[in-house]
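Student: Model the full structure from these sequences, guided by the hints.
The chain contents come next:
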Amino acid sequence: MSTTTAPAAPPAADERLAKTGAVTRIFRRPEFGALLGALGVFILFAVVDQTGKFASLEGAARWTDSAATIGIVAVAVALLMIGGEFDLSAGVMVGSSGLVLGLLVTEMGLAVWPAILLTFVFAAAVGALNGWLVVKTKLPSFIVTLAMFFSLQGINLGVTKAITGTVRVDDIDEGAGFASAEKVFAAQFWDPYQFRVAVVWWVVLTVVATWVLTRARFGNWITAVGGDANAARNTGVPVSRTKILLFMYTAMSAALVGVITSLRLQSVQAGQGVGSEFTFIIAAVVGGCLLTGGYGSAIGASIGASIIGMAFIGIAFAGWNTDWTYLFLGLILFMAVMVNTLISRRVAGGRR
Amino acid sequence: MSTTTAPAAPPAADERLAKTGAVTRIFRRPEFGALLGALGVFILFAVVDQTGKFASLEGAARWTDSAATIGIVAVAVALLMIGGEFDLSAGVMVGSSGLVLGLLVTEMGLAVWPAILLTFVFAAAVGALNGWLVVKTKLPSFIVTLAMFFSLQGINLGVTKAITGTVRVDDIDEGAGFASAEKVFAAQFWDPYQFRVAVVWWVVLTVVATWVLTRARFGNWITAVGGDANAARNTGVPVSRTKILLFMYTAMSAALVGVITSLRLQSVQAGQGVGSEFTFIIAAVVGGCLLTGGYGSAIGASIGASIIGMAFIGIAFAGWNTDWTYLFLGLILFMAVMVNTLISRRVAGGRR
Amino acid sequence: DDGDSGDSGSSSSGDLTIAVITHGDGGSFWSVAKKGAEDAADKMGVTLDYQESNNDPEKQAQLIEAAVTADVDGIAVSVPNPDAIQGALQQATDAGIPIVTLNSGSTVWQDLGAITHVGQDEKIAGEGAGEQLAANGGTKMLCVIHEQNNTGLQDRCAGAAETFGGEVENFQVTGTEDPSKTANEIAAKLQADTGIDSVLALNPDIAMAALEAKDTAGSDATIATFDLSGDVVSAIEDGDILFAVDQQQYLQGYLPVVFLTLFNENANTVGGGQPVLTGPGFVTKDNAAQVADLAEAGTR
Amino acid sequence: MTTTTAGQGAPMLEMDHVSKHFGSVIALRDVSLHVDAGTVTCVLGDNGAGKSTLIKALSGVHLPTEGTLKVEGEQVSFGSPRDALAKGIATVYQDLATVPLMSVWRNFFLGSEPTKGVGPLRRIDVVKAKEVAREELARMGIDIRDVDQPVGTLSGGERQAVAIARAVYFGAKVLILDEPTSALGVKQSGVVLRYVVQAKERGVAVIFITHNPHHAYMVGDHFFLLNRGKMMENWTRDEVSLDALVRAMAGGAELEALAHELEELGGDVKHAAREQIDHLQAGPS
Amino acid sequence: MTTTTAGQGAPMLEMDHVSKHFGSVIALRDVSLHVDAGTVTCVLGDNGAGKSTLIKALSGVHLPTEGTLKVEGEQVSFGSPRDALAKGIATVYQDLATVPLMSVWRNFFLGSEPTKGVGPLRRIDVVKAKEVAREELARMGIDIRDVDQPVGTLSGGERQAVAIARAVYFGAKVLILDEPTSALGVKQSGVVLRYVVQAKERGVAVIFITHNPHHAYMVGDHFFLLNRGKMMENWTRDEVSLDALVRAMAGGAELEALAHELEELGGDVKHAAREQIDHLQAGPS
Ligand SMILES: Nc1ncnc2c1ncn2[C@@H]1O[C@H](COP(=O)(O)OP(=O)(O)OP(=O)(O)O)[C@@H](O)[C@H]1O
Ligand SMILES: Nc1ncnc2c1ncn2[C@@H]1O[C@H](COP(=O)(O)OP(=O)(O)OP(=O)(O)O)[C@@H](O)[C@H]1O
Ligand SMILES: [Mg+2]
Ligand SMILES: [Mg+2]
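Those protein sequences? They're chains A, B, C, D and E, same order as listed. Going by the working numbering, the first residue of the first sequence is number 1, and it counts up by one from there. Going by the working numbering, the first residue of the second sequence is number 1, and it counts up by one from there. Going by the working numbering, the first residue of the third sequence is number 1, and it counts up by one from there. Going by the working numbering, the first residue of the fourth sequence is number 1, and it counts up by one from there. Going by the working numbering, the first residue of the fifth sequence is number 1, and it counts up by one from there.
Hints were generated in silico from the structure; no laboratory data involved. This structure is a prediction, so every number in the text was calculated from the model and none was measured. Accuracy of the hints is not assured; some may be wrong.
Each computed DSSO-like pair below joins lysine-lysine, with the alpha-carbon atoms no more than 27 Å apart [stated by the list, open to error]:
1) K87(D) - K136(A)
2) K230(E) - K19(A)
3) K187(D) - K230(E)
4) K161(B) - K59(C)
5) K128(E) - K19(B)
6) K140(C) - K123(C)
7) K161(B) - K123(C)
8) K59(C) - K183(B)
9) K136(B) - K230(E)
10) K128(E) - K87(E)
11) K230(D) - K19(B)
12) K53(A) - K140(C)
13) K230(D) - K187(E)
14) K128(D) - K19(A)
Tutor: Printed below as a string of structure tokens:
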């Protein structure tokens with residue numbers, strides 16, 4: 001942050017440093033590549049847009065909505081990845097928590113707010129179990145959370161069918177206090193454009209996670225634990241506690257999305273969330289997180305989520321044949337990362 | 001391998017070594033945990049089996065069939081993971097190569113054998129492209145192959161629909177030379193039990209891959225490149241070449257499965273293979289490969305594939321309610337890895 | 001049709017095992033079919049072995065082979081891809097196991113050696129939906145595909161396109177795993193193309209998402225769907241959804257189990273060489289009230 | 001010199017019949033040692049003798065397979081290095097225990113970050129942390145370009161300096177240094193030796209591991225010699241001469257053989273070899 | 001001693017006005033150096049002076065930002081360390097370049113595995129590889145328990161020995177050693193110095209980096225002094241005394257200040273400090 005000739009300790013300019021502008025320094029941030037990629041994708045879709053609406057506030061309301069439910073969890077997944085672990089159960093957790101909320105309200109007759117509270121408690125417990133198993137068994141979290149993923153997926157379907165006879169829970173809106181909960185989690189705002197309140201949650205959580213990662217002690221520990229768990233342990237970082245808390249945060253952010261989605265649609269389907277665990281990981285990696293841990297940024301994951309959101313919505317606005325959706329997605333991904341490499345590498349200087 | 005008092009260089013027994021039996025040494029192999037897990041799963045399903053057929057040769061013919069098509073690619077994916085990289089396009093590559101074969105035979109009117117040859121050339125080219133992009137751009141292979149995954153997925157659907165008007169290529173069996181190709185890739189053998197010839201391919205490839213990994217120079221390079229690419233490069237290992245060859249091998253083994261499947265089913269579906277990239281990775285990780293690279297075994301990946309095959313067929317034989325299938329899978333996975341940790345850790349001695 | 005394995009025969013009545021092997025995915029459609037099979041097995045006093053391949057033809061073939069190995073007394077299969085499972089079904093007929101096809105397969109069941117077929121092609125169901133939407137005055141239809149690899153969904157859209165007359169656009173969305181994202185994608189599409197006046201969803205959850213999307217986008221398109229859920233039925237009652245195509249998949253699970261049991265116990269065959277059709281039926285505002293409770297209970 | 005200056009009788013740190021196995025590898029067997037406050041204890045030994053394993057057992061990294069640890073007479077069992085740090089035991093590990101991708105100042109304060117603010121707004125005092133890190137490194141003669149530079153891009157010596165400066169800054173009661181000067185320049189090594197002496201003056205118990213018998217003899221009050229995982233010697237400073245120390249560390253007989261062999265090489269080499277042997281056997285002054 | 005014994009006029013290795021930047025960090029600026037066959041060239045310098053960067057530019061790890069390299073008079077541009085190895089340049093890196101999870105013998109032969117068999121059956125000659133690895137390490141005074149042990153579980157010195165033994169075994173024309181003895185015991189250091197002399201006798205050009213002026217003076221024919229990325233001095237052996245070398249490496253003025261400061265500490269420390277300064281300033285014999 002203070003690479004240039006700041007008024008710091010070494011009296012004169014250090015002759016061992018070439019001059020670097022503020023621009024170059026920004027270019028070296030992990031999320032910068034993703035930001036460039038996002039800009040590229042935005043410009044692409046603004047250009048190919050058939051309706052003139054993509055680059056408007058209306059269009060923004062659409063793609064931020066898509067990005068928000070990915071981003072809320074992707075930020076948590078990014079922190080977890082920086083901490084050196086994966087959570088494959090983050091996707092199914094969205095469905096599980098929605099079902100817990102739904103069943104508590106419709107079958108147990110609980111009011112919506114206490115049900116939401118219990119849902120978060122449930123998610124925290126599952127996250128803690130994930131973390132505890134990873135820390136205790138020393139097995140790769142990929143395997144542990146995969147087992148959790150399968151188990152929850154099975155429980156979601158089995159329990160829902162056993163209780164309701166169908167594969168979904170309906171009529172959550174009949175619960176007491178639904179209206180106020182909906183305002184907090186699922187409302188729309190800014191009238192002509194209809195932004196979703198999920199976007200606010202997403203932005204707030206991104207800011208908080210960024211602050212924690214860069215400014216709080218806990219953030220320091222996250223990076224250290226993922227960068228070199230042994231070194232972190234040897235310098236006195238509480239490695240196990242850090243990891244367990246990260247798993248809990250991830251599960252709870254998935255639960256937040258579960259609550260948002262189920263209040264919004266007033267129903268939950270047993271298969272919900274399955275598959276999105278990889279979307280979260282993709283967002284985090286596109287945003288600059290290393291799969292090997294120890295490096296990345298929360299804001300990057302949000303930018304990654306934006307890229308995904310823009311791509312899906314942009315294709316709709318562009319009127320492209322959706323048979324080719326995945327080809328477009330692939331090319332956009334290539335483009336986003338190539339822009340990243342080409343430009344940022346040129347600016348930041350050689351590597352070898 | 002020669003930990004005990006072998007007739008090797010140090011004259012007398014080394015007092016700095018506790019005595020270890022052959023058993024302990026076997027227990028330290030990366031694939032051993034998976035083997036224990038596989039045994040556990042086998043016993044479980046032999047016990048809960050409703051038909052009395054699971055533990056018979058007939059049952060073996062069924063689950064090895066299912067394991068074979070997973071295992072053929074999982075072994076390649078394991079080598080790639082040991083080499084420090086991922087290939088998310090391995091699953092869709094199964095479908096792509098099947099479609100290439102199918103379209104060459106049914107639309108271009110090629111004979112089956114030349115079409116198979118071209119299919120492998122196609123796969124090798126895609127693998128080389130994957131590898132080249134990873135090596136050149138220095139982007140994580142997770143992202144590069146994800147982009148490839150999406151692109152191929154889109155192309156599969158788009159091209160198939162554009163050419164055939166449906167999402168499927170049928171009637172591959174009408175190609176010239178189908179009968180002989182079917183014998184090599186898709187026949188059954190050992191009459192009363194009807195084992196699939198894919199099992200032979202699987203076993204042969206596992207043996208070859210194990211030999212390469214443990215005995216050939218290339219195998220040494222794979223482990224080194226994944227363990228510490230910098231150190232490997234500094235000691236003169238051709239890092240880029242090693243990685244590109246691994247990507248090519250992975251794509252070609254996926255193509256082999258594509259050929260096997262399309263000859264067997266005489267048709268290919270555009271979406272085929274999508275999703276199985278993670279099955280391959282799961283098999284490799286259950287088999288003892290580290291996600292961070294540099295450690296694992298080919299035979300372990302095959303054992304991992306066997307666990308998946310046994311679980312899939314075992315659940316059918318056990319007659320369990322499919323609502324809970326995933327819960328069973330999750331618990332089996334937990335069980336397989338817990339057996340691994342508990343027993344092998346106890347035998348191999350403490351860690352800290 | 002008596003094969004080479006007459007050892008453990010299919011005679012021990014009262015202890016019959018019927019395998020139902022579909023390409024289903026445990027979702028809203030197939031869970032109802034499964035329920036039908038379960039109810040039938042209960043009533044007939046047979047053991048049910050229900051398996052799904054989640055649209056993977058190879059897996060379906062392997063499951064059929066496993067059922068043959070397990071020496072079941074009858075196999076009911078859906079046939080989304082006849083080529084892919086004909087080899088496995090040949091093994092079944094060689095082993096003397098009777099087969100009934102269900103859901104898709106109405107044109108090939110005889111070639112596969114099945115004793116009868118129960119169901120309704122997805123494509124014919126789609127044709128019905130297309131007709132109805134055209135009759136409602138639609139000119140441009142969005143057919144929302146929520147699973148890329150599901151041939152049944154493609155067939156439904158293809159059928160709808162054939163009878164609709166106007167323009168039909170297939171639209172790939174994220175799917176039921178993220179309904180809010182799906183809703184948002186549909187909303188964007190409706191915003192982008194204001195000419196769309198009909199939306200055909202292929203799943204009740206997608207229908208509810210489309211309903212929300214219509215609201216967000218301020219569109220006044222007509223929404224129709226495949227399959228039922230409690231929400232969908234009340235939406236039909238409220239007039240928010242025009243109709244739901246009901247293939248009565250409960251029957252597609254129920255009847256094959258009954259037929260196979262009767263075949264085993266009493267050598268009965270049904271249909272007289274013709275398939276047994278279960279649909280398409282339509283749930284509209286007129287008859288929605290009748291099926292509301294059934295949909296909530298998961299049998300419609 | 002061997003009596004405690006700050007202790008209340010019990011040694012600051014005590015290790016009782018400790019063994020450590022890694023699977024079939026026996027790294028330590030039946031090792032006992034005690035470290036007093038206000039003294040410098042040197043652990044000497046050949047490569048692979050078990051020195052690092054010993055200090056890792058003392059600092060909570062390894063749980064001993066057998067045997068007990070005592071801190072100020074009280075039996076302890078460290079679950080992790082954090083527990084040891086809480087007791088005021090700071091360690092410079094041979095592998096330095098730095099996180100390559102993290103910046104110099106973050107590594108410096110890792111696990112003991114200075115904070116400001118309260119409640120949920122408690123955050124790292126970045127300005128102070130950077131300042132302290134830069135100052136402490138400058139005191140060691142390391143003029144770092146930028147404390148935001150990732151530790152992984154530092155030179156070997158710079159990285160070692162970060163690890164030492166950190167341990168010295170946080171070492172309250174016991175300071176353990178595992179070959180701290182191996183990658184350091186002449187000047188920086190001098191500074192580290194000075195730190196060792198200063199810490200001892202403050203009443204800190206210092207454990208110092210080195211392959212340099214001169215360095216050891218310069219600052220050590222107590223010498224333990226490890227060989228192939230076993231404790232072979234236990235000398236106080238007045239029981240041993242530098243000569244004996246060098247001989248013990250180099251293995252007398254083998255050194256003679258080496259000298260002989262080098263003699264046989266011709267020309268200038270003979271001169272160099274002679275010099276080397278002299279150096280190995282005698283040391284300075 | 002400074003003339004080549006094997007060269008045909010052109011130096012074995014030459015570096016011409018080389019600079020190396022890492023982003024904004026300037027690690028080397030305008031450095032020129034030449035290394036002759038049959039001589040030992042020492043590169044000296046403070047921590048962070050750029051020594052390791054210099055040798056990495058020579059061994060193909062870094063591509064110089066500016067400047068050229070010549071091998072036996074012929075201009076080269078190494079695409080990777082493999083190219084340098086092919087020219088007979090073997091290097092011991094300061095970070096050792098070993099793969100922790102791989103066994104000792106596999107690391108020893110990494111990139112240059114001995115094979116037997118032909119065609120597709122060509123395979124590593126495991127028996128030979130293990131034997132050679134064990135022997136070469138034993139020659140260095142390292143008695144490894146088991147050459148199948150992962151390198152990551154070796155002690156620091158053992159690991160360094162693996163890297164050195166490997167380079168010595170493969171170094172054909174040029175042998176580059178970056179602080180090879182830092183983690184080694186007295187005996188093992190002696191062996192490495194002997195290796196250096198032996199290699200030189202065989203006509204190999206040796207580049208030797210060390211912080212120990214005594215070691216450098218013992219074996220060096222040519223001395224280059226780096227400071228803050230710039231080449232400051234270029235001495236042949238007869239142009240410089242050990243004393244001057246020590247002073248140059250430690251930075252004369254600062255050393256005086258250190259001596260003074262240490263004098264002020266009381267009691268025994270004074271004695272130790274005096275000894276230390278003597279050692280730093282004078283060296284043995
Ligand atoms: N985790 C481990 N697993 C197996 N063996 C180990 C492990 N850690 C250390 N060892 C072995 O224990 C022995 C002692 O190692 P240690 O690091 O304590 O030696 P040291 O005295 O510090 O040597 P050096 O002076 O080279 O640093 C070595 O032979 C090493 O191979
Ligand atoms: N990859 C890199 N990125 C940024 N700076 C680097 C990089 N590599 C080295 N440096 C910087 O270049 C300078 C020279 O490093 P180098 O490793 O060459 O020093 P050295 O002379 O070998 O020091 P030592 O004696 O401590 O090993 C150091 O200040 C270091 O911080
Ligand atoms: Mg050590
Ligand atoms: Mg260096």
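Student: Taking the hints in turn, state whether each one holds.
Tutor: Structure-based check of each hint:
1. K87(D) - K136(A): holds, 25 Å
2. K230(E) - K19(A): Holds, because 18 Å separates the two Cα atoms, which is no more than 27 Å.
3. K187(D) - K230(E): holds, 19 Å
4. K161(B) - K59(C): holds, 23 Å
5. K128(E) - K19(B): holds, 25 Å
6. K140(C) - K123(C): Distance ~19 Å between K140(C) and K123(C) Cα, so the pair holds.
7. K161(B) - K123(C): holds, 16 Å
8. K59(C) - K183(B): holds, 21 Å
9. K136(B) - K230(E): violated, 33 Å
10. K128(E) - K87(E): This hinted pair holds, its Cα atoms lying about 25 Å apart.
11. K230(D) - K19(B): Status holds; Cα separation ~18 Å.
12. K53(A) - K140(C): Measuring from Cα to Cα gives roughly 21 Å; hence the hint holds.
13. K230(D) - K187(E): holds, 19 Å
14. K128(D) - K19(A): Holds: K128(D) and K19(A) sit about 25 Å apart, inside 27 Å.
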